[in-house]
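Visitor: Fit chain B to the known structure of chain A by using the hints.
Chain by chain, the residues:
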Amino acid sequence: SAVISQKPSRDICQRGTSLTIQCQVDSQVTMMFWYRQQPGQSLTLIATANQGSEATYESGFVIDKFPISRPNLTFSTLTVSNMSPEDSSIYLCSVAQLTNYGYTFGSGTRLTVV
Amino acid sequence: GIQVEQSPPDLILQEGANSTLRCNFSDSVNNLQWFHQNPWGQLINLFYIPSGTKQNGRLSATTVATERYSLLYISSSQTTDSGVYFCAVERRGNTGKLIFGQGTTLQVKP
Numbered sequence: 001s002a003v004i005s006q007k008p009s010r011d012i013c014q015r016g017t018s019l020t021i022q023c024q025v026d027s028q029v030t031m032m033f034w035y036r037q038q039p040g041q042s043l044t045l046i047a048t049a050n051q052g053s054e055a056t057y058e059s060g061f062v063i064d065k066f067p068i069s070r071p072n073l074t075f076s077t078l079t080v081s082n083m084s085p086e087d088s089s090i091y092l093c094s095v096a097q098l099t100n101y102g103y104t105f106g107s108g109t110r111l112t113v114v
Numbered sequence: 001g002i003q004v005e006q007s008p009p010d011l012i013l014q015e016g017a018n019s020t021l022r023c024n025f026s027d028s029v030n031n032l033q034w035f036h037q038n039p040w041g042q043l044i045n046l047f048y049i050p051s052g053t054k055q056n057g058r059l060s061a062t063t064v065a066t067e068r069y070s071l072l073y074i075s076s077s078q079t080t081d082s083g084v085y086f087c088a089v090e091r092r093g094n095t096g097k098l099i100f101g102q103g104t105t106l107q108v109k110p
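For the protein sequence lines, the chains are A and B, in the order given.
Read in order, the letters of the first sequence correspond to residues 1 to 114 in our numbering.
Read in order, the letters of the second sequence correspond to residues 1 to 110 in our numbering.
The shape of chain A in the complex, shown without the other chains (with noise of 0.2 Å):
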């Protein structure tokens, strides 16, 4: 299966600014995605990242405050902006392979914003 290098694994932040999450994969892929888990809660889809075109966010998120960028098949970027202590979660993307594998998660990003 892919393997997903994702960066920062964790990070504290002063409310009020933003973080930009990075995910590289080894290999071409279609489909990215971004998932958030809230303390103590299961994992929710953010957006599917899109490559050369604007990410598909699900209803609650949006554009102004997860930015995404997908400029290639390898790579995407996840911007947690203007942050507040409810930001605090880990952040994962995920890929889809889906013949054999279904969906690889990365690391995980744990930010805590203070």
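The hints are simulated quantities; they were obtained by calculation from the structure and are not laboratory data.
Quick reminder that beta carbons are idealized off the backbone N, C-alpha and C, glycines included.
Each hint should be verified, as a subset may be incorrect.
Here are some of the chain B residues that sit facing chain A, going by a computed Cβ distance under 7 Å [claimed, not checked]: (1) 31; (2) 33; (3) 39; (4) 45; (5) 51; (6) 100; (7) 102.
In silico BS3-like pairs for lysine-lysine, Cα to Cα no more than 30 Å straight-line [unchecked claim]: (8) 97(B) <-> 54(B); (9) 7(A) <-> 97(B); (10) 65(A) <-> 54(B).
Guide: This is chain B only, laid out in the frame that chain A set:
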């Protein structure tokens, strides 16, 4: 939307014991996966199992798609099995969106 329910929510085992985790889902699915999230937050793909039975070492999984449930078996549990186990499904006709259950938190005591 599709509902994914996992049981039990919490489980405490002595090392060496066996356990069965269950995942019920409310609609037809393209895809079902079991994940293990370790204490560091990493989400490890255990099984891609939209139907049938698979085994990997001490772990095995069975999905009965027609009855909309899946089971994860852990045999001879070890302390390193501790963590949260998630079931996630992709509804048929809705490629690209994994819906996660709330997870089963497993603690294996030495």
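Visitor: All hints, please: hold or fail.
Guide: Structure-based check of all given hints:
1. 31: holds, 5 Å
2. 33: holds, 5 Å
3. 39: violated, 12 Å
4. 45: Holds, because the Cβ-Cβ distance from residue 45(B) to chain A comes to roughly 6 Å (cut-off 7 Å).
5. 51: violated, 13 Å
6. 100: Residue 100(B) check passes; min Cβ-Cβ to chain A is 4 Å, inside 7 Å.
7. 102: holds, 5 Å
8. 97(B) <-> 54(B): Answer holds: residue 97(B) to residue 54(B) is near 23 Å, not above 30 Å.
9. 7(A) <-> 97(B): holds, 23 Å
10. 65(A) <-> 54(B): violated, 41 Å
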